[in-house]
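So the sequence lines, in the order shown, correspond to chains W and L.
Going by our numbering, the letters in the first sequence line up with residues 34 to 318, in that order.
Going by our numbering, the letters in the second sequence line up with residues 422 to 714, in that order.
Rather than coming from a laboratory, the hints here were simulated on the basis of the structure.
No residue lacks a Cβ here, since even glycine has one placed at the ideal position from N, Cα and C.
It is possible that some hints are incorrect.
To be verified - Heads up, incomplete: computed chain L residues facing chain W, CB under 7 Å, no partners named:
hint, residue
1, 431
2, 456
3, 516
4, 519
5, 526
6, 527
7, 532
8, 557
9, 559
10, 636
11, 652
12, 663
13, 690
14, 692
As the list claims (entries may be wrong) - Listed next, the in silico EDC-like pairs over lysine to aspartate or glutamate satisfying Cα-Cα at most 20 Å (straight line):
hint, chain 1, residue 1, chain 2, residue 2
15, L, 429, W, 227
16, L, 429, W, 212
17, L, 606, L, 518
18, L, 427, W, 209
19, L, 427, W, 212
20, W, 143, W, 212
21, W, 99, W, 80
22, L, 427, W, 208
23, L, 427, W, 80
24, L, 427, W, 227
25, W, 143, W, 208
26, W, 99, W, 263
27, L, 429, W, 208
28, L, 429, W, 209
29, L, 429, W, 263
30, W, 143, W, 209
As the list claims (entries may be wrong) - Computed footprint of chain W on chain L, listed as stretches where at least three residues anywhere in the stretch have a Cβ under 8 Å from a Cβ of chain W:
hint, region
31, 444–450
32, 494–500
33, 533–540
34, 547–554
35, 670–676
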Amino acid sequence: MARETHGMVEKRGSGLWLTHVFMILGVLVIFFPIWLAFVASTVTQADIIRPPMPVWPGDQLWNNYKNALFSGINVPVGTMLLNSLIMAIGIAVGKIIISLLSAFAIVYFKFPGRNLFFWLIFLTLMLPVEVRIVPTYEVVAGFGMLNSYSGLIFPLIASATATFLFRQFFLTIPDELAEAARVDGARPMRFFWDIVVPMSRTNIAALFVILFIYGWNQYLWPLLITTDPEMNTIVMGIKQMFPSGDDFAHWPTIMATSILAMIPPVIVVVGMQRLFIRGLVDSEK
Amino acid sequence: MEKRVKFKGWLLPALLIAPQVVISAVFFFYPAGQAIWQSLFIPDPFGLSMQYVGLGNFEFLLSDRFYRASFVTTAVFSILVTLCSMIPALFLAVIADRLIKGSGVYRTLLIWPYAVAPAVAGVLWLFMFNTRVGVVSWYLGQLGYDWNHVLNGGEAMGLVVVASAWGRISYNFLFFFAALQAVPKSVIEAAAIDGAHFWRRFWTIVLPLLSPTTFFLLVVNIVYSFFETFGVIHTITAGGPQQTTTILVYKVYSDGFVSQDLGSSSAQSVILLVVVGLLTVLQFKFIEKRVHY
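Bound conformation, chain L alone (with noise of 0.2 Å):
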């Protein structure tokens, strides 16, 4: 779409977007730019001289055990939150959806977790798992379960897992009970006087048509667990115990500027915005049908 009426003169336009070029030239292509070169080199020790690898950084991350586990744990990860956060939010956005009166109040109350930073959520539920002090940890033990996320890696995910997916639950909440309240009533009716009882005409009818909220928010998700999750990783486990819960945007930083590893961790950024470009494409692709369904 165009507008048909066009203001004339050059010197106006690129002083008004002049702000957002410098911003974006200083700030991110240039960065973009560096992580692409310094993805080529690998500094000497003392940090002096760069020496030219080609893909050789590339090469070695490959050939790196630790690089591929962390891959395996990101997608891993990832699905759990995805599941872990629009199961109950579907749940939740169906039975509000059953309410006449009273479900804007339920909705105000379950927004709340969104707002919660992803790093305080993670102080939260490690407070509630902490193996001297957590409540939940404590009554596990009472039943005889010996709860210790610092050193079993299965727990440890588990963790990070709930903590990630727990204010997710809001934002997936808030698109579902959107997307029910749009569900022509009169298809669900028709339904009923066939006799469909609730969950047939939920499988059979609601499920289908939310389909569209379902796959973008299945999207969604899967980029908030690869980017926005640092919080809770860092704040909860740091990846650990032995990288367990190392994602690979974690990796990325823990390589970057714990292990000081520059060229191993500018490839590493190389990957992940081919793996980002690639999530874009999927949302670009899916808005497009969602506009036009």
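With the rest of the complex left out, here is chain W (with noise of 0.2 Å):
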């Protein structure tokens, strides 16, 4: 139905300008820290120490941004930026992988000891990472694991919110296909992968969106397992950027490097908005 035709809910006039204005009132105030990241990032230090600052960009964006990928303060923060990607990609598709084949056996298999699988995953859903950080460190230090991408990315896919997802997914297909491919002989793997798996494609695109996103933006465990400022995620990388005594911190490269840890989410989130959205409102439910 076209809302066009409902003029005595929809607001005309100055009121239609009235929530207009509302809602850039709105936009600016949540985009506000953002554009003085973005303007800290363009100016020189000593723009910042005198404050107030200035409120519109300076001439250093080239500088500051050269200076932070290349140098850093640690460690060139292009290195960081590297290790978050692996880490956030090894994540998403680590976990989407190792749920489809654990979601597939718990819905087209009957085996032992299904219900009691189904069950201790269940139960993975309940403790974040967060909860139980002493004993899973000891675990990773134990596996040699410490500084090393496959430290950062195993314990956190140790979680069955996608296993899920897929299950929920996996048990609207349709029986008739299931029970085409067997009579045509075809074999539980080739279903898997001629019709499960392309039929899953917007599930898996919406939930590697989520998932890159919670992997991009983890902070606490790679503060713990990454003490080699070489294998630094950017996200924890950027706390360290800061000098432990009372010396100013040097704000343009620390903001500039903040502008470049947002950007990969955001270019994911902005970019695709109906999958985020999908994936959202998927793993919640």
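Mind assembling these two chains? They're in different frames, but the hints should get you there.
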């Protein structure tokens, strides 16, 4: 139904104008911290340490970003960006693969211990990594996985959200398809590859968006296990750029790094908005 | 719901679930079990041996003034974060819902902060309120207000609350907006014909229809403030001043990794485990209802 016809409910004229004003004000307030960070990343340190800092961008954009990316403070930000990218993609891809496989097994097979297994993975939904940090750290240290990508990735894919999502989705795939595959003598894995995976494309993509953000934005876990600056991720590395003493932090570099840290997730969220919203709604069901 | 068609065999499904079983066992069940086990012991000062103390760690914790304070801090913090992120989000969603055109553009702009990691949000807000260079603190100073969250516990709490709520506004906005769009227009029109003006319609019709979404967001935001705000606290206040912003998750970290008090930290993990369990039950109870409403 076209909403334009409901003149009685929709505001017109001054009301509509006011609505836009409120909306724009809201957006400006929400955006203000990002704008300030951007401005700070384009001026010199001297501009910042004599407050108030300017509100419009300066001419140091290229210098500050070049300096951050290739020199940084403890380690070039380029290195941290790469680490974050590997971690985020590793978590997203790893979690999607193991959950696709186990959801397929739960839905399409009858095997002993299926229910037990189902309830065990249900339990993993309940305990975020923040709660079990000390023993998980000991396990990872015991495997010699401190300061490694596998140490960054594996403990964070040990949760069953994605398995549940795929299970829900597989249950909606018509039984006739599996029946036909069985009559044709197709083996289960063939059915998996030719029917189940292609049908799950949208769900996989939506989940990828959510998991990528989740992985990229991790803070506590990388903080614990990457003691070597070369392995820092960008989100946890920013805090490491602050001096420990009473010195002034080098704000232009830190703010350029903050902007760089938000660009990949913002691109993913804004660029894949529809998938993102779908993934968000799905993963909260 | 069950599939009628099942494939046969046990080896293939066993192989299919193996990766998840192994990863959950090694990185989830074993550490969780360790947390429970370690909570019953106190290591000696050199970390060479462990002494069994039963529930001693828990007794000690519950009588510890700082731990009890941390519970109160967490409660205050999560209530404030939830309110500060839900009320502006609802307000923006109601306005956006009134627009026929352009709401998509605003939505695109408003979801930005969701993508910003809590730790990065912490750095952005720290920058604005920094006692020496912060723009906001400088203008407050011009107005005669001496902002110093490094010394003032109330200001520190205010700052971590706002920094934590900021990104959540986007998240809540998306859910409220979707729920508002789903409110049947005929109901609103009927009320409008009866002469109910906008705010009256909002309070008596729209808000009650939003209650499933509101309740869902309440639980989700509390879970968020409990477990995902570590980055904000660590970057802005590191739990200070005088532990006024030490929420439970931060205390697990600072006792376990900074003070190396493993027994206490494990006991805290176990207590948190119970808290998460309760919140999860609450969430699932509600989801069951929501599916059938």
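Verification of the hints:
no. : hint          : result
1   : 431           : holds, 5 Å
2   : 456           : holds, 5 Å
3   : 516           : holds, 5 Å
4   : 519           : holds, 5 Å
5   : 526           : violated, 9 Å
6   : 527           : holds, 5 Å
7   : 532           : holds, 6 Å
8   : 557           : violated, 9 Å
9   : 559           : holds, 4 Å
10  : 636           : violated, 13 Å
11  : 652           : holds, 4 Å
12  : 663           : violated, 20 Å
13  : 690           : holds, 5 Å
14  : 692           : violated, 9 Å
15  : 429/L / 227/W : holds, 19 Å
16  : 429/L / 212/W : holds, 13 Å
17  : 606/L / 518/L : holds, 11 Å
18  : 427/L / 209/W : holds, 12 Å
19  : 427/L / 212/W : holds, 9 Å
20  : 143/W / 212/W : holds, 15 Å
21  : 99/W / 80/W   : holds, 19 Å
22  : 427/L / 208/W : holds, 10 Å
23  : 427/L / 80/W  : violated, 69 Å
24  : 427/L / 227/W : holds, 17 Å
25  : 143/W / 208/W : holds, 15 Å
26  : 99/W / 263/W  : holds, 18 Å
27  : 429/L / 208/W : holds, 15 Å
28  : 429/L / 209/W : holds, 17 Å
29  : 429/L / 263/W : violated, 49 Å
30  : 143/W / 209/W : holds, 18 Å
31  : 444–450       : holds (count 6)
32  : 494–500       : violated (count 0)
33  : 533–540       : holds (count 8)
34  : 547–554       : holds (count 4)
35  : 670–676       : holds (count 3)
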